[in-house]
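Colleague: So the protein lines, in turn, are chains A and B. Under the numbering used here, the first residue of the first sequence is numbered 1, with each subsequent residue one higher. Under the numbering used here, the first residue of the second sequence is numbered 1, with each subsequent residue one higher.
Check each hint, because a few of them may be wrong.
Stated by the list, open to error - From the structure, some residues in chain A lie toward chain B, with a derived Cβ separation under 7 Å:
1) 34
2) 93
3) 95
4) 102
5) 107
To be verified - Derived lysine-lysine pairs resembling DSBU-like cross-links, with alpha carbons at most 35 Å apart:
6) B:17 / B:57
7) B:3 / B:57
8) A:64 / B:97
9) A:20 / B:3
10) A:55 / A:41
11) B:17 / B:3
12) B:55 / A:41
13) A:41 / A:66
14) A:41 / B:59
15) B:71 / B:97
16) B:97 / B:57
17) B:97 / A:41
18) A:64 / B:3
19) B:71 / B:57
20) B:97 / B:3
21) B:55 / B:71
22) B:17 / B:63
23) B:3 / A:55
24) A:41 / B:57
25) A:66 / A:55
26) B:3 / A:41
27) B:3 / B:59
28) B:17 / A:41
29) A:41 / A:14
30) A:55 / A:14
31) A:55 / B:97
32) B:71 / B:3
33) A:66 / A:20
34) B:97 / B:59
35) A:41 / B:63
36) A:66 / B:97
37) A:66 / A:14
38) B:3 / B:63
39) B:71 / A:41
40) A:20 / B:97
Hints are computed from structural coordinates only; laboratory data are not their basis. Please read all numbers here as calculations on a predicted model, not as lab measurements. The C-beta atom is built at its ideal place from N, Cα and C for all residues, glycine as well.
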Amino acid sequence: GAVVSQHPSWVICKSGTSVKIECRSLDFQATTMFWYRQFPKQSLMLMATSNEGSKATYEQGVEKDKFLINHASLTLSTLTVTSAHPEDSSFYICSAGDDVDYTFGSGTRLTVV
Amino acid sequence: SQKIEQNSEALNIQEGKTATLTCNYTNYSPAYLQWYRQDPGRGPVFLLLIRENEKEKRKERLKVTFDTTLKQSLFHITASQPADSATYLCALGDWGKLQFGAGTQVVVTP
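Please put together the full structure from these sequences, using the hints given.
Modeller: In structure tokens, the structure reads:
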């Protein structure tokens, strides 16, 4: 089956620094990747849609200058949280697919101190 | 606005019994609905997809029903096992672009 790898699985960073999270499709080419965020005891919330070779589309209320998304190849999308603050601490999850079937990554726990 | 509601209270159930979870939605006319399992600190894992023209779908010990008139889906785990303990999410949307319910935690005790 399709495998989506996320790296790192957890990261702690200082307030004001930037953190990059990678999402890779290991055994298929993903034309579209999605980035979600999940706060404790809450549902996954879609942040943005990432299409290979084009600019990401952000959901309402998500700051595109703060959450930089790059989808430079069919197997890799990155999410960079710039100038991270404690309120950005969350569980970030990507999903990748080929327009029909989508698989979620294992998630990245970000803690900003 | 579109809403998806799941029981926020954890469902505690004895091994061997059937767990039944509810997903209600408003302001949607979905062509299909999906159920996922999420373990602590992990991403969701796809379980089942049921289409609007399907009343019921089964996969091993799992059964899903879909009532578009009631705007409700029921998710059943029969002969539950401790390994079924997890949070179960329902989701609506277009393929990968999904809106999720908050999930219902299921705890199966031996």
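Colleague: Now look at each hint and say whether the structure bears it out.
Modeller: Evaluated hints:
no.	hint	verdict
1	34	5 Å, holds
2	93	5 Å, holds
3	95	5 Å, holds
4	102	4 Å, holds
5	107	5 Å, holds
6	B:17 / B:57	19 Å, holds
7	B:3 / B:57	23 Å, holds
8	A:64 / B:97	18 Å, holds
9	A:20 / B:3	31 Å, holds
10	A:55 / A:41	31 Å, holds
11	B:17 / B:3	30 Å, holds
12	B:55 / A:41	30 Å, holds
13	A:41 / A:66	24 Å, holds
14	A:41 / B:59	27 Å, holds
15	B:71 / B:97	20 Å, holds
16	B:97 / B:57	22 Å, holds
17	B:97 / A:41	21 Å, holds
18	A:64 / B:3	25 Å, holds
19	B:71 / B:57	16 Å, holds
20	B:97 / B:3	15 Å, holds
21	B:55 / B:71	12 Å, holds
22	B:17 / B:63	14 Å, holds
23	B:3 / A:55	28 Å, holds
24	A:41 / B:57	28 Å, holds
25	A:66 / A:55	14 Å, holds
26	B:3 / A:41	17 Å, holds
27	B:3 / B:59	27 Å, holds
28	B:17 / A:41	26 Å, holds
29	A:41 / A:14	24 Å, holds
30	A:55 / A:14	28 Å, holds
31	A:55 / B:97	16 Å, holds
32	B:71 / B:3	11 Å, holds
33	A:66 / A:20	12 Å, holds
34	B:97 / B:59	24 Å, holds
35	A:41 / B:63	25 Å, holds
36	A:66 / B:97	21 Å, holds
37	A:66 / A:14	16 Å, holds
38	B:3 / B:63	23 Å, holds
39	B:71 / A:41	24 Å, holds
40	A:20 / B:97	22 Å, holds
Violated hints: none; the structure is consistent with every hint.
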